[in-house]
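Peer 1: One letter stands for each residue in the lines below.
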Amino acid sequence: MEPLHDKKLKFLEEKANRIREDIIKMLVAAGSGHSAGPLGMADIFTTLYFHVLNHNPKKPLGADRDRLVLSNGHICPVLYAALAHAGYFPVAELKTLRQLNTRLQGHPHRGSLPGVETTSGPLGSGLSQAIGFALAAKLDGKKYRTYCLTSDGEHEEGNLWEAVMFAGKNKLNNITAIMDRNNIQIDGFTENVMPLEPIRKKYEAFNWHVLEINGHDFHQIISACAEAKAIYEKPTMIIAHTIPGKGVSFMENDYVWHGKPPKPEEAKAALKELRTLGGKIRSEHQ
Amino acid sequence: MLNPEAKLSGKIFDKDVLLKPTRDGYGDGLLLAGEEDKNVVALCADLTESTRAEAFAKRFPERFFQVGVAEQNMATIAAGLGVAGKIPFISSYATFSPGRNWEQIRTTISYNDSNVKIAGHHAGISVGPDGATHQAVEDIATMRVMANMKVIVPCDSIEGRKATMAVAKIWGPVYLRFQREKTPVMTTEETPFVPGKGIILWQSKRPQVAIIGCGALLFEALVVARDLEKEKIGTVVLNSHTIKPLDEAKILDLAKKYGAIVTVEEHQITGGLGSAVAEFLAKKCPCPIEFVGLQNTFAESGPPDALLTKYGMKAKDIKAAVKKVLKRK
Chain E
1 MEPLHDKKLK
11 FLEEKANRIR
21 EDIIKMLVAA
31 GSGHSAGPLG
41 MADIFTTLYF
51 HVLNHNPKKP
61 LGADRDRLVL
71 SNGHICPVLY
81 AALAHAGYFP
91 VAELKTLRQL
101 NTRLQGHPHR
111 GSLPGVETTS
121 GPLGSGLSQA
131 IGFALAAKLD
141 GKKYRTYCLT
151 SDGEHEEGNL
161 WEAVMFAGKN
171 KLNNITAIMD
181 RNNIQIDGFT
191 ENVMPLEPIR
201 KKYEAFNWHV
211 LEINGHDFHQ
221 IISACAEAKA
231 IYEKPTMIIA
241 HTIPGKGVSF
251 MENDYVWHGK
261 PPKPEEAKAA
271 LKELRTLGGK
281 IRSEHQ
Chain L
1 MLNPEAKLSG
11 KIFDKDVLLK
21 PTRDGYGDGL
31 LLAGEEDKNV
41 VALCADLTES
51 TRAEAFAKRF
61 PERFFQVGVA
71 EQNMATIAAG
81 LGVAGKIPFI
91 SSYATFSPGR
101 NWEQIRTTIS
111 YNDSNVKIAG
121 HHAGISVGPD
131 GATHQAVEDI
141 ATMRVMANMK
151 VIVPCDSIEG
161 RKATMAVAKI
171 WGPVYLRFQR
181 EKTPVMTTEE
191 TPFVPGKGII
201 LWQSKRPQVA
211 IIGCGALLFE
221 ALVVARDLEK
231 EKIGTVVLNS
241 HTIKPLDEAK
251 ILDLAKKYGA
261 IVTVEEHQIT
271 GGLGSAVAEF
281 LAKKCPCPIE
291 FVGLQNTFAE
301 SGPPDALLTK
311 YGMKAKDIKA
321 AVKKVLKRK
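Keeping their order, the protein sequence lines are chains E and L.
Going by this note's numbering, 200 is the number at position 200 of the first sequence; the sequence numbering is gapless.
Going by this note's numbering, 256 is the number at position 256 of the second sequence; the sequence numbering is gapless.
If we strip away everything but chain E, and leave its shape as in the complex, we get (with noise of 0.2 Å):
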């Protein structure tokens, strides 16, 4: 992985910004959906898809490609987003989602968009398909990495649990996971529905090598990935500190915009913050 030189950094800044804005128009125009994780997200999308993963959008089902797994596939809006910016699709298709006949699912679908690598929705099943993904690897001698991403509310489920104990036990070193450590879920703040601290701990418990970074931070999130393709012996947790919401004001942080789109003055208001507010977003990166 090259390191991030200040012309990439901008690259990286202006694609996420992009991708939220397309976040929001898809958001609005499907009418349901969910708001705060995708957008959230968006700069490790970004940084995934535009720096960190071996893929070549031209040949999605490539023999060699780094396979990318949405665990929390509510969040998809990011992921077809980023997909279509790398050129999976046309960017023009993002308005289509949810809609009748459409390629983009409400949640991802193998088989219906190029770029989606499996079936996801009910949580915490993701890890595992990793797993299977990590292990066809091994078999058949190839390099590939698995990148899992998951949510923080969907460590509730015992199957993530279950996932974690095996690659774990069986030191699968070539996955990457890394959670979207936004501290909310439907009902509201994770540790209240259900606490998850100390979640780093119980990660090192089950044998994994874990990493804590600020998820907007693009040098950070580079690292980090770099940092897990160097560990032999373990997989790699990156609990990514994230902002629900991140990039809109109104809806940052606010656990009632988990899932449900803007309505379409409130996207217009987010959309106008999105295209002036670069400045801001970029302040954090200097």
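Check the hints yourself; a few may be wrong.
In silico lysine to aspartate or glutamate, EDC-like type, Cα no more than 20 Å apart, as pairs [as the list claims (entries may be wrong)]:
1) E:Lys234 to L:Glu62
2) L:Lys256 to L:Glu279
3) E:Lys138 to L:Glu62
4) L:Lys284 to L:Glu248
5) E:Lys171 to E:Glu204
6) L:Lys38 to E:Asp140
7) E:Lys169 to L:Asp46
8) E:Lys229 to E:Glu252
9) E:Lys25 to E:Glu252
10) E:Lys263 to E:Glu252
11) E:Lys169 to E:Glu233
12) L:Lys314 to L:Glu231
13) E:Lys143 to L:Asp16
14) L:Lys58 to L:Asp24
15) L:Lys182 to L:Asp130
16) E:Lys138 to L:Asp37
17) L:Lys58 to L:Glu36
18) E:Lys58 to E:Glu93
19) E:Lys8 to E:Asp217
20) L:Lys38 to L:Asp14
21) E:Lys142 to L:Asp130
22) E:Lys169 to L:Glu62
23) L:Lys58 to L:Asp46
24) E:Lys263 to E:Glu273
25) E:Lys260 to E:Glu21
26) E:Lys142 to L:Glu190
27) E:Lys25 to E:Glu227
28) L:Lys20 to L:Glu54
29) E:Lys234 to E:Glu212
30) E:Lys171 to L:Glu62
These are calculated hints, taken from the structure and not from any lab test.
Given chain E, put chain L in place with the hints provided.
Peer 2: Only chain L this time, still in chain E's reference frame:
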């Protein structure tokens, strides 16, 4: 008489008929499928010996994954392996897989079109002393209802082996159902087995009724067919090993010719083979049907044979169902 084209064992009605559990067929078939194709992998949730995955695990340790007592994880890891080009077989007791992990199977295997083969073991009430917690009597229904899922219930260990080997070569999700107890080996190496194609096991000269069954209870059906012959009641016995997709052509033919049907399965009478037959015939050729199976109740602990007797799945129950359906013709 026994249908000569089915090439059944000449010893079916003998005292020394070979007895083997259908699950042995899974073990044999899995090993052979593994030898034929290096993409075959197996996963188990702490029941490697009793689900007969052990031989494969010993022969191909690098292709065997012990997931511990975690059926949801087993199904979802298999889903990933299947998407990545492997042919995963997962085995546990049917109450746990596909019982506990139904949603994972639905989303990550069936809807995801992952090439996973789900082997549910110790199915039916004949698992016996473990009691109703371990007696899967809903699994055919819960798997059959999923789009993109095939369902096969072998009648003996030989058919179990053939079915296991056959599904390794069929793309897509399949549910295979196996039983714990030793049961008569009715078929032979020469008996044809093609998924989706039922096999006529018994064909009287002048049949008045068709008995359609699956699994080891087909032996009871054959005993009934033989006994009824002496009472001048002719029957046909169809081994409908594949419940989805159903062999519609053969079942329609039986309904048209004989106009009365008895279905036989070690499963709840709602949702299983009998329901599949009834749903199809309601559309194409409605006729009286009697359903032999578990009558909307849970069973209990006890010796397998005593349980089948108490809950109405023995030869005398099938015979009574035949007589009842004939009166309704």
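Peer 1: Need the list of violated hint numbers for this structure, in ascending order.
Peer 2: Hint check: 8, 13, 20, 21, 26, 27 fail, others pass.
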